[in-house]
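**Q** Could you build the full structure based on these sequences and the hints that come with them?
Listed below are the residues making up each chain.
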Amino acid sequence: MMKAIMKFIYQFASPKHFYRLSGKIIPWFAWLAAILLIAGSIDGLFIAPVDYQQGDSYRIIFIHVPAAWMSMFIYMVMAISGAIALIWKIKLADVIASSSAPIGAAFTFLALVTGSIWGKPMWGAWWVWDARLTSELILLFLYLGYMALESAIEDPRAAARACAILAIVGVINIPIIHYSVEWWNTLHQGATVTKLDKPSIHISMLIPLLLMALGFKLYYGAVVLMRARNKVLVTEQNNRWVKEIIG
Amino acid sequence: MYNAFFNLLKRDLRLAFRHKSEILNPLFFFVIVVTLFPLGISPEKQVLAEIGPGIIWVAALLASMLSLDSLFRSDFEDGTLELMLLSEYPLPILILAKIVAHWLITGFPIIIFSPLLGTVMFLSNEAIETLMITLLLGTPILSLIGAIGMALVVALKRGGMLLSLLVLPLYIPVLIFSSNAVGSSMAGLSISGQLYFLAAFLIFCLTLAPIATSAALRVSLE
Numbered sequence: 001m002m003k004a005i006m007k008f009i010y011q012f013a014s015p016k017h018f019y020r021l022s023g024k025i026i027p028w029f030a031w032l033a034a035i036l037l038i039a040g041s042i043d044g045l046f047i048a049p050v051d052y053q054q055g056d057s058y059r060i061i062f063i064h065v066p067a068a069w070m071s072m073f074i075y076m077v078m079a080i081s082g083a084i085a086l087i088w089k090i091k092l093a094d095v096i097a098s099s100s101a102p103i104g105a106a107f108t109f110l111a112l113v114t115g116s117i118w119g120k121p122m123w124g125a126w127w128v129w130d131a132r133l134t135s136e137l138i139l140l141f142l143y144l145g146y147m148a149l150e151s152a153i154e155d156p157r158a159a160a161r162a163c164a165i166l167a168i169v170g171v172i173n174i175p176i177i178h179y180s181v182e183w184w185n186t187l188h189q190g191a192t193v194t195k196l197d198k199p200s201i202h203i204s205m206l207i208p209l210l211l212m213a214l215g216f217k218l219y220y221g222a223v224v225l226m227r228a229r230n231k232v233l234v235t236e237q238n239n240r241w242v243k244e245i246i247g
Numbered sequence: 001m002y003n004a005f006f007n008l009l010k011r012d013l014r015l016a017f018r019h020k021s022e023i024l025n026p027l028f029f030f031v032i033v034v035t036l037f038p039l040g041i042s043p044e045k046q047v048l049a050e051i052g053p054g055i056i057w058v059a060a061l062l063a064s065m066l067s068l069d070s071l072f073r074s075d076f077e078d079g080t081l082e083l084m085l086l087s088e089y090p091l092p093i094l095i096l097a098k099i100v101a102h103w104l105i106t107g108f109p110i111i112i113f114s115p116l117l118g119t120v121m122f123l124s125n126e127a128i129e130t131l132m133i134t135l136l137l138g139t140p141i142l143s144l145i146g147a148i149g150m151a152l153v154v155a156l157k158r159g160g161m162l163l164s165l166l167v168l169p170l171y172i173p174v175l176i177f178s179s180n181a182v183g184s185s186m187a188g189l190s191i192s193g194q195l196y197f198l199a200a201f202l203i204f205c206l207t208l209a210p211i212a213t214s215a216a217l218r219v220s221l222e
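Protein chains in written order, with our numbering: chain A, 1 to 247; chain B, 1 to 222.
These aren't lab readings, by the way, just hints derived from the structure by calculation.
Any given hint could turn out to be false.
[As the list claims (entries may be wrong)] Counterexamples of contact, computed for chain B against chain A with all Cβ distances above 10 Å:
#: 1; residue: Arg11
#: 2; residue: Ile32
#: 3; residue: Lys45
#: 4; residue: Glu77
#: 5; residue: Pro115
[Unchecked claim] These stretches of chain B come out as covered by chain A in the derived footprint (C-beta under 8 Å, 3 or more residues):
#: 6; region: 142–155
#: 7; region: 161–173
#: 8; region: 211–220
Virtual Cβ for every residue (Gly too), placed ideally from N, Cα, C.
**A** Below, the structure written as structure tokens:
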């Protein structure tokens, strides 16, 4: 059984097979993402009720919260695929990890920017040293470090393995960093933390939020597969099947 | 195995004592950085006592990070590191010996000098005591985490800037808990929580960092 599963995985992970299969999956992901994002935006921006405390400006959470979720999710994907690449030597996992990094950094940046835009009317400042904002900023630094290391090492295989180790070390440290920042924050300025504690969200706001979150996930899936396909073509450029595709 | 550990430790210490600047430069750097802050901000007693713990800790952190280069660089260049990878002894043990030596060379002098800087920054006696304890628990963590980063960049020509990008975010928990402990003891509050966290984090890093470092070295020296 285990053997059959591993055989299936290796087969799927072969560059040629991956290229073919991902070509079929991408349109599905992309179209579904487009539909969900449009539906979620319309629902979130026009249909969902106005918040009784924050007025219309709360509506930015329909971008902000999914982006913040994605920023953490993608780092996890990078660490897990890094571990898979180190343990089972599946090259495709390296490709997925390195394709994910810029997307994850972009989502982290988006979460920070939207958080700051939301913070200006709510807190009266573009930036506060709130625990979640600070952890998110540190996460952005981790992404930047990952990408800097990747571009600094010339040999792509060595770069992939070094980055995998860095991602695993980072993912072990993320909870430690997060909780220490949270603890630091509650000691220094309690007020902003209670401000962040949202009242439990109403179903009419939850639906667009979940639509957006799912749309973001599928968008990531589509984009990461596109990037991975490109990388596969570059690394396999001397193989016959690539030459046949390029013509 | 113990022999290998202690021989390597002795070798690294002997090498460091023959290049005294390796010991002294991080220490001078630490002192100079701390001196810059009263000049840049204000010599007032209240201000310095308020920001002192953080500044001393940030300076210690930077000094430790900038001295990481001496951990693997020369051994990488003359091929010693490659022989270590090929030796029959488990690599994490050898790495640990090098990290301990690095801490004794760079971290320990900082601890010895910290009371002086604490006095200059108008910290109370209790706070200086806490500062020394946090440095004793915290600087080994800096060496251990830094070793992972250094192992990743050792083969690169210009790794210095990159190293700080990799390592500094991981130093944040140490900075938060240590400088907070010193500040709390200034205010007469209990600091056992912070010290327990630092001790736990130290043991955690002591167990896992040498393994991660050896994995990173194997990648770098491929």
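**Q** Quick one: see if chain A covers the region 161–173 of chain B, three-plus residues with Cβ-Cβ under 8 Å.
**A** Per the Cβ count (8), the hint holds.
**Q** Find the nearest Cβ of chain A to the Cβ of B:Pro115 and say whether that gap is larger than 10 Å.
**A** holds, 25 Å
**Q** Does B:Ile32 sit more than 10 Å from chain A, CB to CB?
**A** Holds, since 26 Å exceeds 10 Å.
**Q** Counting residues of the region 211–220 of chain B that have a beta-carbon nearer than 8 Å to any beta-carbon of chain A, does the count reach 3?
**A** holds (count 5)
**Q** Is the nearest CB of chain A more than 10 Å from the CB of B:Lys45?
**A** holds, 22 Å
**Q** Please confirm whether B:Glu77 is truly not at the interface, meaning its C-beta sits more than 10 Å away from all C-beta atoms of chain A.
**A** holds, 18 Å
**Q** Taking the minimum C-beta separation from B:Arg11 to chain A, is that value above 10 Å?
**A** holds, 27 Å
**Q** Three or more residues of the region 142–155 of chain B near chain A by CB distance under 8 Å?
**A** holds (count 4)
When the structure is compared with the earlier hints, no violation turns up for any of them.
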